[in-house]
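Using the sequences and the accompanying hints, generate a full structural model.
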Amino acid sequence: MNSSSIIRTDGLGLDMMQRAEAKVIPFRGNGPYCYSNTASMLLSTIGEQVSPQEMEAYTGVGLGAFWLPKEKLLFFSSISNPPDLGITRALHLLGFSFEEKMTSDPGKPPFEQLRSDLSSSAAILGPLDMGYLTHNPLHKRMMGADHFVLAYRFEKDGVLIHDPEGFPSVVLPFRQLELAWRADGIPYHRGHYRYWTHPRRMHHPNRDELYDSTLKSFKDVYSEAGNLATKQNLPIDAKAINTLSKHVKQERVSPAERGFMVFFSLKLGARRALDFASLFGSKSPELARLKEKQSELFGALQRLAVQKKWTKFAGSLEQLAQVETEFRDALVSS
Numbered sequence: 080m081n082s083s084s085i086i087r088t089d090g091l092g093l094d095m096m097q098r099a100e101a102k103v104i105p106f107r108g109n110g111p112y113c114y115s116n117t118a119s120m121l122l123s124t125i126g127e128q129v130s131p132q133e134m135e136a137y138t139g140v141g142l143g144a145f146w147l148p149k150e151k152l153l154f155f156s157s158i159s160n161p162p163d164l165g166i167t168r169a170l171h172l173l174g175f176s177f178e179e180k181m182t183s184d185p186g187k188p189p190f191e192q193l194r195s196d197l198s199s200s201a202a203i204l205g206p207l208d209m210g211y212l213t214h215n216p217l218h219k220r221m222m223g224a225d226h227f228v229l230a231y232r233f234e235k236d237g238v239l240i241h242d243p244e245g246f247p248s249v250v251l252p253f254r255q256l257e258l259a260w261r262a263d264g265i266p267y268h269r270g271h272y273r274y275w276t277h278p279r280r281m282h283h284p285n286r287d288e289l290y291d292s293t294l295k296s297f298k299d300v301y302s303e304a305g306n307l308a309t310k311q312n313l314p315i316d317a318k319a320i321n322t323l324s325k326h327v328k329q330e331r332v333s334p335a336e337r338g339f340m341v342f343f344s345l346k347l348g349a350r351r352a353l354d355f356a357s358l359f360g361s362k363s364p365e366l367a368r369l370k371e372k373q374s375e376l377f378g379a380l381q382r383l384a385v386q387k388k389w390t391k392f393a394g395s396l397e398q399l400a401q402v403e404t405e406f407r408d409a410l411v412s413s
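Every position in the sequence shown, counted from 1, becomes a number in this note's numbering once 79 is added.
Bear in mind the hints are in silico, worked out from the structure with no lab data behind them. No experiment lies behind these values; they were computed from the predicted model shown. Any given hint might turn out to be false.
Label pairs and their computed distance ranges (CB to CB) [said to hold, decoys possible]:
| # | residue 1 | residue 2 | range |
| --- | --- | --- | --- |
| 1 | Gln192 | Gly338 | 35 to 41 Å |
| 2 | His214 | Lys387 | 31 to 37 Å |
| 3 | Met222 | Gln311 | 20 to 26 Å |
List of simulated lysine-lysine pairs, DSS-like, C-alpha gap at most 25 Å [said to hold, decoys possible]:
| # | residue 1 | residue 2 |
| --- | --- | --- |
| 4 | Lys318 | Lys298 |
| 5 | Lys219 | Lys151 |
| 6 | Lys187 | Lys235 |
| 7 | Lys362 | Lys298 |
| 8 | Lys149 | Lys318 |
| 9 | Lys151 | Lys328 |
| 10 | Lys362 | Lys295 |
| 11 | Lys391 | Lys151 |
| 12 | Lys328 | Lys388 |
| 13 | Lys346 | Lys149 |
| 14 | Lys102 | Lys346 |
| 15 | Lys325 | Lys310 |
| 16 | Lys391 | Lys325 |
| 17 | Lys180 | Lys235 |
By construction, the Cβ of each residue, glycine as well, lies at the ideal position given by its N, Cα and C atoms.
What follows is the structure, encoded as structure tokens:
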């Protein structure tokens, strides 16, 4: 074997120089990618194939982090760019026009309008409150969790949907749809009964155009997050990650906090980081390297949280915070 073909490992990642040349191995498997799966399904109805992995990256939702002091929860996503804004962001970047509808009145769901739209197009519905999605056997445990589904036909008793949580072709009864779609329990909801429908290809950006516009979009996400965090006095990005590290060092992690991490936020963070790494690829090897490093740190954090090794967990969080700072600085200066 030629010595140049040997890939050595150093700590959690590949040797820095060789990693820059290594191709990111994309992840395929289960994961909470509801809005990306749903948006990918919507585009497939007009013959456009954009994978959920690509869609997730273009939304920019998984950039940065923010800390909620009251709940003691760290979200590895942008405070300025929740999923509903991310869907719109990604569709614009990819060159699609679409209709996005919502209402400020929570008292009357727009069923007739939706019926009319579904006669000629599928529709992304969301955010929905998962606690009201009664086809999911775990729905009672999910009250207040946000979700997105693809609606594609009206039935006598409800709307036929593909639920990317793992439930294709199920009927969501009208009463449950109304309660879920009203989204009263979803903190980031803007209005009620939001949906996207009738996508249409308006422009097909070439690779360079798409990359440049995506990079600008990501910079905007970080800038907008900084402004919002200042107004709300919330720690974001590396400060938010270090806030969780300090909390963990005090050994005050509740079962609910640990459950949020081991069943949701850490594995989601790892998967998102890999998808960002794939997007940056050879265009920005340093950004790709940092995102792949983040993914491996998330994987380490997952194992440590399951095993309740909180001292080591806190140390890995500090490493993650440092890599987040490096990534943000490299992105903004690119």
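Hint check:
1. The supplied range of 35 to 41 Å is met by glutamine 192 and glycine 338, whose beta-carbon atoms lie about 38 Å from each other.
2. Histidine 214 and lysine 387 have their C-beta atoms about 34 Å apart, which keeps the hinted 31 to 37 Å range intact.
3. About 25 Å separates the C-beta atoms of methionine 222 and glutamine 311, a value consistent with the hinted range of 20 to 26 Å.
4. The suggested pairing of lysine 318 with lysine 298 holds, with an alpha-carbon distance near 18 Å, which does not exceed 25 Å.
5. Between lysine 219 and lysine 151 the CA atoms are separated by roughly 22 Å; this keeps the pair inside 25 Å, and the hint holds.
6. At most 25 Å may separate the alpha-carbon atoms for a hinted pair to count; lysine 187 and lysine 235 meet this at roughly 19 Å.
7. Between lysine 362 and lysine 298 the alpha-carbon distance is near 16 Å, which keeps this suggested pair within the 25 Å criterion.
8. For the hint linking lysine 149 to lysine 318, the alpha-carbon distance of about 16 Å falls within 25 Å, and the restraint holds.
9. With a CA separation close to 13 Å, the supplied pair lysine 151 and lysine 328 stays within the 25 Å bound.
10. Only pairs whose Cα atoms come within 25 Å are accepted, and lysine 362 paired with lysine 295 is accepted, the gap being roughly 14 Å.
11. For a cut-off of 25 Å, the pair hint linking lysine 391 to lysine 151 stands: about 19 Å separates their Cα positions.
12. With a C-alpha separation of about 10 Å, the suggested pair lysine 328 and lysine 388 falls inside the 25 Å cut-off, and the hint holds.
13. Taken as a hint, the lysine 346 and lysine 149 pair is honoured in the structure, with Cα atoms around 23 Å apart against an allowance of 25 Å.
14. For the suggested pair lysine 102 and lysine 346, the alpha carbons sit about 21 Å apart, so the restraint of at most 25 Å is met.
15. A distance of roughly 23 Å separates the Cα atoms of lysine 325 and lysine 310; the hinted pair therefore holds under the 25 Å criterion.
16. Between lysine 391 and lysine 325 the alpha-carbon distance is near 12 Å, which keeps this suggested pair within the 25 Å criterion.
17. Our distance criterion of 25 Å between C-alpha atoms is met by lysine 180 and lysine 235, whose separation comes to about 23 Å.
Figure legend: structure checked against the earlier numbered hints; every hint is met.
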